[in-house]
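Asks: Residues per chain are reported as follows:
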Amino acid sequence: MKNKNTNSGADTLLAEHMETDSGGMLRRHFLKASALVGGGLMLRFSWLSGLKPMDKMVNPNLTEQGSQLNGYIQITPDNIVKILCPNPEFGQNVMTSLPMIVAEELDVDWKNVVVEMGPHDNVKLGPQFTGGSNSVRMYWTPLRNAGASARQMLIEAAAKAWSVPASEITAKEGVLSHISGKTATYGEMAAAAANVAVPKDVQLKSAKDFTIVRNSKKNAEGPKIVTGKPLFGLDYWQEGMKIAMIEHPPAFGLKLKSFDASQALKMPGIVDVFSLKLYEDGYEQAGFDTRTFNDLLVVVGNSTWEVMNARKKLKTAWEPIGETKYNVVGWRGDKREVVVPAGLESTSAHLEKMAAYAKGAAKELRKDGDPETAFKNAAQVIERTYHAPFLAHNCMEPINFFAHVTDEQALLVGPLQGPGWIEPSLSKILNLPPEKIEIQMTRMGGGFGRRAYGHYMTEAALISRKVKSPVKLIYTREDDMTYGIYRPMYTATYRAALDANKNLIGFHVKGGGIPEHPIHANRFPAGAVDNYLAEGWEIPSNITIGAFRAPRSNFNAAAEQSFLDEVAEAMGKDPIDFRLELLQRAKTNPVGQNNEYDADRYAGVLELLKEKSGWGKPENSHKKRGVAAYFCHNSYAGHVVDMVIRDGEPYVEHVTSAMDCGIVVNPDAAINMVQGAVVDGIGNALYGALTHKDGAPEQSNFHNYRIIRHHEAPRNIDVHFVQNDIDPTGLGEPPFPPVFGAVANALYKATGNRKYMQPFTVEPPNTQG
Amino acid sequence: MAKYTLKVNGKTFKVDVDASTPLLWVLRDHLHLPGTKYGCGMALCGACTVHLNGAATRSCVLPVSSVGKSEITTIEGLSEQGDHPVQKAWLEHDVAQCGYCQSGQIMNAAALLKTTPNPTDEEIENFMSGNICRCGTYLRIKEAIKTASGQ
Ligand code: FES
Ligand code: FES
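Going line by line, the protein sequences match chains A and B.
Numbering (the numbering used here) for the first sequence: 1 to 769.
Numbering (the numbering used here) for the second sequence: 1001 to 1151.
In short, the hints are calculated from the structure, not lab data.
Quick caveat, the model's predicted, so the values are computed rather than measured.
Where is the CB? At the ideal position from N, CA and C, for every residue including glycine.
Wrong hints could be hidden among the right ones.
Taking lysine-lysine and the DSS-like style, the derived pairs with C-alpha atoms no more than 27 Å apart in a straight line are [said to hold, decoys possible]: (1) Lys277/A with Lys82/A; (2) Lys224/A with Lys1011/B; (3) Lys229/A with Lys1007/B; (4) Lys229/A with Lys1088/B; (5) Lys612/A with Lys1146/B; (6) Lys1003/B with Lys218/A; (7) Lys224/A with Lys1007/B; (8) Lys312/A with Lys1003/B; (9) Lys1014/B with Lys266/A; (10) Lys1014/B with Lys242/A; (11) Lys1003/B with Lys242/A; (12) Lys229/A with Lys1011/B; (13) Lys229/A with Lys1014/B; (14) Lys1003/B with Lys502/A; (15) Lys1003/B with Lys266/A; (16) Lys255/A with Lys277/A; (17) Lys224/A with Lys1088/B; (18) Lys573/A with Lys612/A; (19) Lys224/A with Lys1114/B; (20) Lys363/A with Lys1011/B; (21) Lys1088/B with Lys111/A; (22) Lys1088/B with Lys82/A; (23) Lys32/A with Lys205/A; (24) Lys1003/B with Lys313/A; (25) Lys1088/B with Lys218/A.
Computed far set for chain A versus chain B, every beta-carbon distance over 10 Å [unchecked claim]: (26) Ser34; (27) Ile80; (28) Leu276; (29) Thr476; (30) Glu712; (31) Phe760.
Build the full structure now, drawing on both the sequences and the hints.
Replies: Here it is, written out as structure tokens:
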């Protein structure tokens, strides 16, 4: 990381830019052209120039970075177009979809596009965070801009070379053509284009003219994946590299008391065994510094198997951790004290405690009208309570990181969702300036939120510094699962008040969690019911939690969408029609302020779902169907799930999915993503759970943590997108939450029983590979 | 420690490792063939699938001492140009999301098609149920296997 310069004028430039980016004409502030060595055009641009204020969440230093030229397009004389991708890839396909956006406006033959993974550069590229279903949404405008600018410069270069007006030249699929019939490839004009002034204004294509965007393109890394190329962090290897593993306490609430490594050190290939503190006392944690255990017992050796074996010879004693306190500084600079309670927690005790808290006081999160009176006057009150357990992310590639740290510099290589979040911490902990720290991002074997918490990179760095050697830290599957940063445990009680005519006159949700509540107070059906109350309560815990694909939404959609199904039934209404009625109300005469969702788009997804699934059609009347729809990450998604009972277990045969995420950049990849979210949702709803006994996780590998398998996945998942020209919104997370609700509702149809506690199937797995 | 001579992807390798070392770690740590993945180490996920004399085998639970003269094929050696029908079908259906499980899926699928050239849905499901895909690409895996089998 070099050139850490700040630009005090950036604030103004950014403001100006945002004012002009609503129409098709864009003023260019952050573009710079230069000649490539060997001929050709290099156009540098800012990925961050079109960001909206809310994107400060992923990019807190926005004003500093808005003017950095951090992306590039290169066009070489042989007509190859190279585009850099700044964000880490974990299967969401950004390495393909982001360059597609540039290529569209540039109007180039996709066959000639080469995609490169960008280096990590916190100053220039921002935190490069993959998460929050944000990548395409954030970069849509800056990328289009850059592509359109390069295209215009090529046209102007050709106009000059041919001494004709630029207006007589068209650029298409990498070829410039004059009305006279004269043509040149972009490559042939690239060197000349480097001397053309960067255009002030560019005309972006109208969505109807897209030829690359909205046309499926294959995964740019597909050929490497199917031939087993070393793309992942775990595959990284360097001469002289040692392998390190961490022996962690067997239970949350315990820490290392003492150890005897004499036997382990005698094992072949073992280099060192030592204990290490991750964060020193008084260390102020950043928002993504979350870690489970602070005292690490480390085994370092020459090979993975030798280290695994030596771990078995360690003699360890553990002791309870008392209540601990530390400060966390969030990305906004807000400081808060976190108090972690002592104790060995168990799932049974959690459930009891949650039941007690659910009856107690809670924080009011939103109130419309007079819910107390509505419930008092109700002819009928429906009340149901829903539960969901902790979930482990279980990325297929277990946690790992490579580090080579010396007194002068640090090289780190591995899978991380937001390198920029962790680098400042690492810089502080290693006492090395950021420019001496190089982080290389590998492809990630799954993320699902887990790899936003980069403590394992810091662990690897400290281990490397201690043993003065390049080191790869590897978590075994057991380490990965029992040393987790889990999806919190949640519960929520929903109440609906109906009047004598079965109209919904009041709605109340009171949700809690360990250690955080799940409630999104301003989401549907808020805005659609006159008397509405949302409340939340929290139980502190020493079990570490964090983001998990669509945080909180993944529980809310399960609970709320099951509840609405039951309310519709009590009202004698079709579940889709009931939701549409509520949305109609939210649209024409919304209740309250700050309703987060767009009732029209929400209804659009339900309408599409109804049509595509043949909902209510006589030919489908025999099917055991459940429906759910949900809004999160700026997008709308819904599913109709068809379930059967097969060998005594629920099996989802067929799913119809509908989604509104605006313009779909890469349709086939988007379908893949939705299908994957459906399978993931079914699996977690039916089988997913991480439980505790006396602080110890009761699941440690795939024999007792059940993951959905091939024969349990639906044979058909039909995915449909609402067609519109809205700028793209989130895709990776939104289709996941409503799967839970649809599964719950189908389960009721298939079995006649409603399930209120996840996972809905708790039979032990019998799936030895 | 003991010396072993292994035949991997048509080449001969000599390694000096503990007899209990699983083939997976010999491939990854000693032969630097990281295409074969570690997912569970307990024969529960299939990420480490290789071919032993053509049959799908979980290399994470196969001690190197029991490999003997068997011919080992890993994803790196499934085809020279990455054009095995299963690999081609995988690209055609753009199966991968994160991609981590896919070498194991491909090796398992290739072994299935050797013994069952025209598998039914059930046969695919039974044979592939030991391979976990956390990203949920099962549907496309099934379609790709059918394409590779010429169905
Ligand atoms: S790593 Fe061998 S089956 Fe999972
Ligand atoms: S593609 Fe990610 S685990 Fe299969």
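Asks: If a hint holds in the structure, say so; if it does not, say that too.
Replies: Structure-based check of all given hints:
Note on lysine 277/A and lysine 82/A: the hinted pairing is violated, with a Cα-Cα distance of about 44 Å set against a maximum of 27 Å. For the suggested pair lysine 224/A and lysine 1011/B, the alpha carbons sit about 22 Å apart, so the restraint of at most 27 Å is met. For the hint linking lysine 229/A to lysine 1007/B, the alpha-carbon distance of about 20 Å falls within 27 Å, and the restraint holds. At most 27 Å may separate the alpha-carbon atoms for a hinted pair to count; lysine 229/A and lysine 1088/B meet this at roughly 16 Å.
Using a Cα cut-off of 27 Å, the hinted pair lysine 612/A and lysine 1146/B holds, with the two alpha carbons roughly 26 Å apart. For the hint pairing lysine 1003/B with lysine 218/A, the CA-to-CA distance comes to about 44 Å; that exceeds 27 Å, so the pair is violated. For the given pair, lysine 224/A sits about 24 Å from lysine 1007/B by alpha-carbon distance, which is consistent with the 27 Å threshold. Restraint check for lysine 312/A and lysine 1003/B: satisfied, since their Cα atoms lie roughly 24 Å apart, inside the 27 Å limit.
Restraint check for lysine 1014/B and lysine 266/A: the C-alpha separation of about 25 Å stays at or below 27 Å, so the hint holds. Note on lysine 1014/B and lysine 242/A: the hinted pairing holds, with a Cα-Cα distance of about 21 Å set against a maximum of 27 Å. In summary, the hint linking lysine 1003/B to lysine 242/A is supported, as the alpha carbons are separated by about 21 Å, within the 27 Å threshold. The suggested pairing of lysine 229/A with lysine 1011/B holds, with an alpha-carbon distance near 18 Å, which does not exceed 27 Å.
For the hint pairing lysine 229/A with lysine 1014/B, the CA-to-CA distance comes to about 22 Å; that is within 27 Å, so the pair holds. Pair hint lysine 1003/B plus lysine 502/A does not hold up; C-alpha atoms about 79 Å apart against a cutoff of 27 Å. For a cut-off of 27 Å, the pair hint linking lysine 1003/B to lysine 266/A stands: about 21 Å separates their Cα positions. With a C-alpha separation of about 11 Å, the suggested pair lysine 255/A and lysine 277/A falls inside the 27 Å cut-off, and the hint holds.
Taking the CA atoms of lysine 224/A and lysine 1088/B, the gap is about 12 Å. The hint holds against a cut of 27 Å. Our distance criterion of 27 Å between C-alpha atoms is met by lysine 573/A and lysine 612/A, whose separation comes to about 20 Å. Among the hinted pairs, lysine 224/A with lysine 1114/B is consistent with the structure: their alpha-carbon atoms are about 24 Å apart, no more than 27 Å. This hinted pair does not check out: lysine 363/A and lysine 1011/B have alpha carbons roughly 67 Å apart, beyond 27 Å.
Proximity of lysine 1088/B to lysine 111/A is assessed by CA-CA distance (about 18 Å); at most 27 Å being required, the pair is judged to hold. Of the pairs offered as hints, the one joining lysine 1088/B and lysine 82/A holds, with about 25 Å between alpha carbons and a cut-off of 27 Å not exceeded. For the hint linking lysine 32/A to lysine 205/A, the alpha-carbon distance of about 21 Å falls within 27 Å, and the restraint holds. For the given pair, lysine 1003/B sits about 24 Å from lysine 313/A by alpha-carbon distance, which is consistent with the 27 Å threshold.
Among the hinted pairs, lysine 1088/B with lysine 218/A is consistent with the structure: their alpha-carbon atoms are about 12 Å apart, no more than 27 Å. Taking the minimum C-beta to C-beta distance to chain B, about 35 Å, the non-interface status of serine 34/A holds against the 10 Å cut. For isoleucine 80/A, the non-interface assignment is confirmed: its Cβ lies about 21 Å from the closest Cβ of chain B, beyond the 10 Å cut-off. The claim that leucine 276/A lies off the interface holds: its Cβ sits roughly 23 Å from the closest Cβ of chain B, which is beyond the 10 Å cut-off.
In this structure threonine 476/A is not separated from chain B by more than 10 Å, as the shortest Cβ-Cβ distance comes to only about 6 Å. Not every Cβ of chain B is farther than 10 Å from the Cβ of glutamate 712/A; the closest lies at roughly 8 Å, contradicting the non-interface assignment. Listed as outside the interface, phenylalanine 760/A is consistent with that label: its C-beta sits roughly 18 Å from the nearest C-beta of chain B, beyond the 10 Å cut-off.
Of the hints listed earlier, those the structure fails to meet are numbers 1, 6, 14, 20, 29, 30, in rising order.
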